[in-house]
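Novice: Sequence:
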Amino acid sequence: MERVKFSEKELTVNGQYMTPGGPMPRYSTPVTARENYLSMLAGEKPQWLPIYYDFRTFVPQIIPDNIARGFVIEADALPREKFGGKDMFGIEWEYIDVAGGSMVKPGNPLMSDASEWHEKVKFPDIETWDWEGCAARNEGTYLHTDRVTTMWMFTGLFERLISFMDFEDAAVALIDDSQQDDVHSLFAALSDLYCNIIRKQKKYFDFDVLYFHDDWGAQRAPFFSLDTCMEMIVPYLKKIVDCCHELGVRFEFHCCGKDEKLVPAMIAAGVDVWAGQPMNDKKMLHEKYGKDIVLGIDIDFPENATDEQLKEAAAKFLETYCQDMENAPVYCCTLVMPQKLREELYIQSRKLLA
Numbered sequence: 259m260e261r262v263k264f265s266e267k268e269l270t271v272n273g274q275y276m277t278p279g280g281p282m283p284r285y286s287t288p289v290t291a292r293e294n295y296l297s298m299l300a301g302e303k304p305q306w307l308p309i310y311y312d313f314r315t316f317v318p319q320i321i322p323d324n325i326a327r328g329f330v331i332e333a334d335a336l337p338r339e340k341f342g343g344k345d346m347f348g349i350e351w352e353y354i355d356v357a358g359g360s361m362v363k364p365g366n367p368l369m370s371d372a373s374e375w376h377e378k379v380k381f382p383d384i385e386t387w388d389w390e391g392c393a394a395r396n397e398g399t400y401l402h403t404d405r406v407t408t409m410w411m412f413t414g415l416f417e418r419l420i421s422f423m424d425f426e427d428a429a430v431a432l433i434d435d436s437q438q439d440d441v442h443s444l445f446a447a448l449s450d451l452y453c454n455i456i457r458k459q460k461k462y463f464d465f466d467v468l469y470f471h472d473d474w475g476a477q478r479a480p481f482f483s484l485d486t487c488m489e490m491i492v493p494y495l496k497k498i499v500d501c502c503h504e505l506g507v508r509f510e511f512h513c514c515g516k517d518e519k520l521v522p523a524m525i526a527a528g529v530d531v532w533a534g535q536p537m538n539d540k541k542m543l544h545e546k547y548g549k550d551i552v553l554g555i556d557i558d559f560p561e562n563a564t565d566e567q568l569k570e571a572a573a574k575f576l577e578t579y580c581q582d583m584e585n586a587p588v589y590c591c592t593l594v595m596p597q598k599l600r601e602e603l604y605i606q607s608r609k610l611l612a
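Numbering (our numbering), first residue to last: 259 to 612.
For the record, the hints were derived by calculation from the structure and aren't laboratory data. Be aware that one or more of the hints could be misleading.
Simulated pairs of lysine-lysine, DSSO-like, Cα-Cα distance not exceeding 30 angstroms [unchecked claim]: (1) 378 x 497; (2) 378 x 344; (3) 574 x 519; (4) 609 x 598; (5) 497 x 519; (6) 497 x 461; (7) 303 x 549; (8) 549 x 460; (9) 496 x 380; (10) 549 x 263; (11) 598 x 263; (12) 267 x 609; (13) 516 x 546; (14) 569 x 541; (15) 496 x 460; (16) 574 x 541; (17) 549 x 496; (18) 598 x 541; (19) 546 x 496; (20) 574 x 303; (21) 344 x 458; (22) 496 x 458; (23) 303 x 497; (24) 458 x 380; (25) 303 x 460; (26) 598 x 267; (27) 267 x 569; (28) 609 x 546; (29) 263 x 303; (30) 380 x 461; (31) 496 x 519; (32) 541 x 519; (33) 609 x 263; (34) 363 x 378; (35) 598 x 569; (36) 497 x 380; (37) 546 x 519; (38) 363 x 340; (39) 497 x 460; (40) 267 x 574.
Whenever a hint applies, use it, and build me the whole structure from the sequences.
Specialist: Listed below in structure tokens is the structure:
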């Protein structure tokens, strides 16, 4: 990509983006936000530091999991009272409004042993979903814009096992010699289904990044060891990642918890990007693994910060993480930030990366 030096004219506003923090101005950037981010993932130095606002999240209601889990982000919005219900496997979820998400209805797990999945798990017929209608109503607003189209996918491999068995039995199944073969066969079947869904999504939505959800940890540590993850999950996660790459789609992993010890498993699976939660030591991870996986990193700034403090926060972030964006790239994954901070990150990173 041709390098373009920063000009104050780039701050000319030519529209706005809708973001979780409200509308943000759309600058007159030398390339689109989509081009900037995808070029970075292709190994080029970006024109500026990508931030969360450069993405357009797409979570269509035609996929039952999105309604069940309480996340629908598309042109045909749903009221919260319609969230919850059955996912694509018929598992009942309850939407918890105060939490802003759903959990499986407790007390009646589908199975208690992984061997039962062959008889009890009924796979969905994805051909019955209205792919064409969904694509038509989202064209130009959530699809094919100048931002990165990010397609969310619920529910990952371990999370799906939890939805079938409840957490305790699912965790045991990963390490129980009598259940491991059945877990392998279930994950193989799930990964085939997910790849078929991804192919449909690419055909009808032509999206850029798959944002795949599978939480692996709690606040203090992962749910399982690296060895268990490498043996039981990585082969099937890699199949999903490989499917994305074959379609020209990048893979971002949504994986909550303090999962520092499992980053080698993400890398082994071919994951392109992982943001992770702030309890993870991002500086250490960037220094150790930054050449192998793109990290999403939150920016620290004081509450009720002055403009000068926001300017200093931007400078510190760039100094810490953005000195080698060709070989160890990052993006700023902070969901909501003041407009002044967003402006400073843009200006300072444009000058740094020009």
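Novice: Flag every earlier hint the structure violates by its number, smallest first.
Specialist: Going through the list in order, the structure violates no hint and respects every one.
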